[in-house]
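Enquirer: Sequence:
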Amino acid sequence: TKSEAAAYAKASKKAKGEILDRLAAEVGWSRANARRQLGKTFKRRGPARSVVRRPRPPTYGYDTVKVLQQVWAVAGQPCGKYLAAVMEATLANLEAHAATGSLGRERGRYSPEVRAQLLAMSAATIDRLLAPFKRAMYPAGKSTTRSRRNQYTESIPLMIRIPVIDWQPGLVAIDTVAHCGNTTKGQYAFTLTATDVYTGWTVNRAIKNKASKWVVAAMKEIQNEFPYPIDHVHSDNGAEFLNAAVTAWCNGRNIKMSRSRPHHSNDNPFVEQKNGAVVRGSAFNYRYDTDAELALLNELWPLVNLRKNLFLPTKKVTGYRLTRTGKSTRSYDAPRTPAD
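Heads up: the sequence shown begins at 27 in the working numbering, then just goes up one per residue.
The set of hints was computed from the structure by calculation and includes no laboratory data. Beta carbons: idealized from backbone N, C-alpha and C, even for Gly. Do not rely on the hints blindly, as some may be mistaken.
Quick list of simulated restraints, FRET-style, between CB atoms [as the list claims (entries may be wrong)]:
(1) K107 - G134: 40 to 46 Å
(2) L184 - V100: 23 to 29 Å
(3) Q299 - P104: 21 to 27 Å
(4) S354 - R135: 51 to 57 Å
Generate coordinates for the entire structure from the input sequences, incorporating the hints supplied.
Expert: Now the structure itself:
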């Protein structure tokens, strides 16, 4: 009846449950059906009112969140499930080494109350509280490659696929990575990556921008870092490579040039892989736009390249074969370092 529907609409949560139980027992409805029937019977007149609910006060305070960020970083940036499993042991280690600065700038925020809240956190809560921090820490990278047709795109030949027959050291794929952070506005640094498609030998240099004079200067340094001569350079269609200065530099050293098809990154897979694994893996997606940060990148890359070229083995695809079920699988050569 309308009176029961009106009483249900005004009742508290506990009273609503009692009304639903009584109707279910008397009429034989399920609780869900009883709720629907009461809602249909009682309809408010006039326009619907927007209910502004008071938000629930946060369970974890600012100090707890800041200490959680420090704990997550010290623990190796694991996901919430792993961090919750080692939270107690990690806090014990941080407390034991607090005098050496293990808690960093958050030492003043750490208290017994904060410790209790950290131990009580679920894995889902850890991931939820860390999500904004992770997004700010690792902003999405942006592509700044713009393919423009000019006289050099017509004169430099296309090479759709890197040839796999008679591979020899000296064929070097090059590309640039923008260190622009969240926005491409303003001026920011780039890293020029050069990797040999046969050996995997990789050299990086940070440049101020994509002006041809910086690219040529970086190419001169990169050439000296290779243990053998460079006789072929393969790039995308970026204007930083297809210009008079770079073309003249290559021609003056009898270095062949080739380019990929526009908007086909798979035509240059070797250096594209290094853009992610080496450049983004070491310099992340931060923005570098000052002279000091440019110098810092050029201090970083020789160390990264030394480790990559001398100590980290890689393997290359040598072919494809079909399994007995008809699935195509890759065949690889034996893992070895670029220096080998």
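Enquirer: Evaluate each hint against the coordinates.
Expert: Hints and how they fare:
1. K107 - G134: 40 to 46 Å: violated, 29 Å
2. L184 - V100: 23 to 29 Å: Once the Cβ atoms are compared, 50 Å apart, the range 23 to 29 Å for V100 and L184 is violated.
3. Q299 - P104: 21 to 27 Å: holds, 25 Å
4. S354 - R135: 51 to 57 Å: Distance hint for S354, R135 holds at roughly 55 Å.
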